[in-house]
Each structure stands twice: as structure tokens, then as C-alpha cells.
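Once you know that position 70 of the sequence shown is 69 in numbering that gives the first Met the number 0, the rest is easy, because the numbers rise by one and skip nothing.
If you're looking for bench data, these hints aren't it; they were derived computationally from the structure.
Glycine residues also receive a C-beta, built at the ideal position from the N, C-alpha and C atoms.
Among the clues, some could well be false.
Below, simulated EDC-like cross-link-like pairs (lysine to aspartate or glutamate); rule was C-alpha separation at most 16 Å, straight line [said to hold, decoys possible]:
(1) Lys97 <-> Glu125
(2) Lys122 <-> Asp132
(3) Lys122 <-> Asp151
(4) Lys61 <-> Asp107
(5) Lys74 <-> Asp141
Okay, the calculated beta carbon distance ranges per label pair [what the hints assert, rightly or not]:
(6) Gly24 <-> Gly138: 25 to 31 Å
(7) Asp107 <-> Asp132: 25 to 31 Å
(8) Glu65 <-> Asn130: 33 to 39 Å
(9) Tyr142 <-> Asn76: 20 to 26 Å
(10) Gln102 <-> Gly24: 19 to 25 Å
(11) Arg100 <-> Trp153: 33 to 39 Å
(12) Ser135 <-> Pro56: 33 to 39 Å
(13) Pro154 <-> Gly67: 37 to 43 Å
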Amino acid sequence: MPSGARGSQLEWPTGTSLTARPLCGAVSVTITSRPAFIHDCNCRLCRTSGGAWGYFPQAMAKTTGETGSYLRKDKANAAAELQFCRRCGTTTHWTFSKAFREQNEAVDLMGVNMRIFDPHDLKGVELRFSNGDGWSGAGPFDYRRTAIALSDHWPW
């Protein structure tokens with residue numbers, strides 16, 4: 000599990016949610032708070048899928064529409080199973096693989112691809128540049144550069 004993935008969420012007014020869709024509009028992802036941070040990871044999976052991840056308990060992120068899934072085959076015990084829009088192929092989120100869930104029943108977490116959300120709605124969220132490419136899969140990530148807070152000065 001990514002380091003810091005259980006961090007507190009930035010506060011939104013009660014009842015506020017934000018919904019994003021890929022260009023085709025066939026899938027939607029609704030979050031009930033902004034993420035505590037976003038991981039812009041440089042591992043092969045994240046680079047090629049276009050993912051930049053906000054982490055949420057499953058009750059705080061709902062998806063609608065038909066998605067497909069991809070579980071990487073280059074890792075013996077892949078934990079993250081990518082979900083994507085079946086119509087346009089946009090990566091929308093990831094869930095834990097069945098094998099990971101069976102071994103870690105108490106973990107309630109999913110990753111939402113924050114790139115499908117409007118950057119204006121993410122102002123103030125910390126963007127962390129994790130070095131997943133150099134990560135062994137055990138322990139916390141290293142970071143390849145200093146984090147920034149998304150803003151007009153530092154747009155995403």
C-alpha cells in the first residue's frame with residue numbers, strides 16, 4: 000500500500016461531492032471529498048495508464064457505467080487492478096485485486112485517477128511525485144522531487 004495512503008481528506012462542506020467523466024461520458028466517478036494528496040507515480044503501470052492517484056475508502060468514491068479491468072501479468076502478486084471505460088479506454092480508478100483482498104481483508108482503499116477531474120477543483124491539493132519506478136514494492140515510496148500544492152501558480 001502506498002505510504003500515506005490513509006491520510007486525512009481535505010474538508011469540503013457537508014453534502015458536497017465532485018463528479019468526473021472521461022471524454023465519452025460513459026463512466027462517472029464521484030468523490031465525496033478531495034484527496035489528502037495525489038500521487039503522480041513514475042512506475043510503468045502509472046505512466047502507461049495515465050494515472051495520478053487520489054486514495055479513498057470505497058464508500059467515498061462511487062463509479063457508474065461499464066468498466067473493464069486489467070491486472071498486470073509482469074508482477075507475481077499484483078495488488079492494483081486498473082479499471083477503465085469500456086467505450087473510450089480512459090483509466091478511471093483502481094481497486095485491489097482479489098488475491099490482495101483475500102490476504103488483507105481489513106484494507107478499505109481504492110485509487111481514483113485524479114487526471115479526469117477538473118484541475119480547478121483540485122487547487123490546494125498536494126501533488127507528490129513518487130518514485131514508483133525505483134520502488135521494490137515493500138515499505139514507503141521515495142520521491143523524485145519536492146511536492147507542490149496545486150494552484151494557479153503551480154497548475155497541473
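Each hint tested on the structure:
1. Using a Cα cut-off of 16 Å, the hinted pair Lys97 and Glu125 is violated, with the two alpha carbons roughly 30 Å apart.
2. Of the pairs offered as hints, the one joining Lys122 and Asp132 is violated, with about 27 Å between alpha carbons and a cut-off of 16 Å exceeded.
3. Our distance criterion of 16 Å between C-alpha atoms is met by Lys122 and Asp151, whose separation comes to about 8 Å.
4. Straight-line distance between C-alpha atoms of Lys61 and Asp107 comes to about 13 Å, which keeps the hinted pair within the 16 Å bound.
5. With a C-alpha separation of about 20 Å, the suggested pairing of Lys74 with Asp141 is violated against the 16 Å cut-off.
6. Range check, Gly24 to Gly138: about 40 Å between beta-carbon atoms, so the 25 to 31 Å window is missed.
7. Distance hint check for Asp107 and Asp132: the Cβ-Cβ separation is about 27 Å, which falls inside the suggested range of 25 to 31 Å.
8. Between Glu65 and Asn130, the C-beta spacing of about 34 Å keeps the proposed range 33 to 39 Å intact.
9. Against the hinted window of 20 to 26 Å, the Cβ-Cβ separation of Tyr142 and Asn76 comes to about 24 Å, which satisfies the hint.
10. Checked against the given bound of 19 to 25 Å, the beta carbons of Gln102 and Gly24, roughly 36 Å apart, lie outside it.
11. Hint check: Arg100 to Trp153, Cβ distance near 36 Å, so the stated range 33 to 39 Å holds.
12. Range check, Ser135 to Pro56: Cβ separation about 26 Å, and the 33 to 39 Å hint is violated.
13. Roughly 31 Å separates the CB atoms of Pro154 and Gly67, a value that falls outside the hinted 37 to 43 Å.
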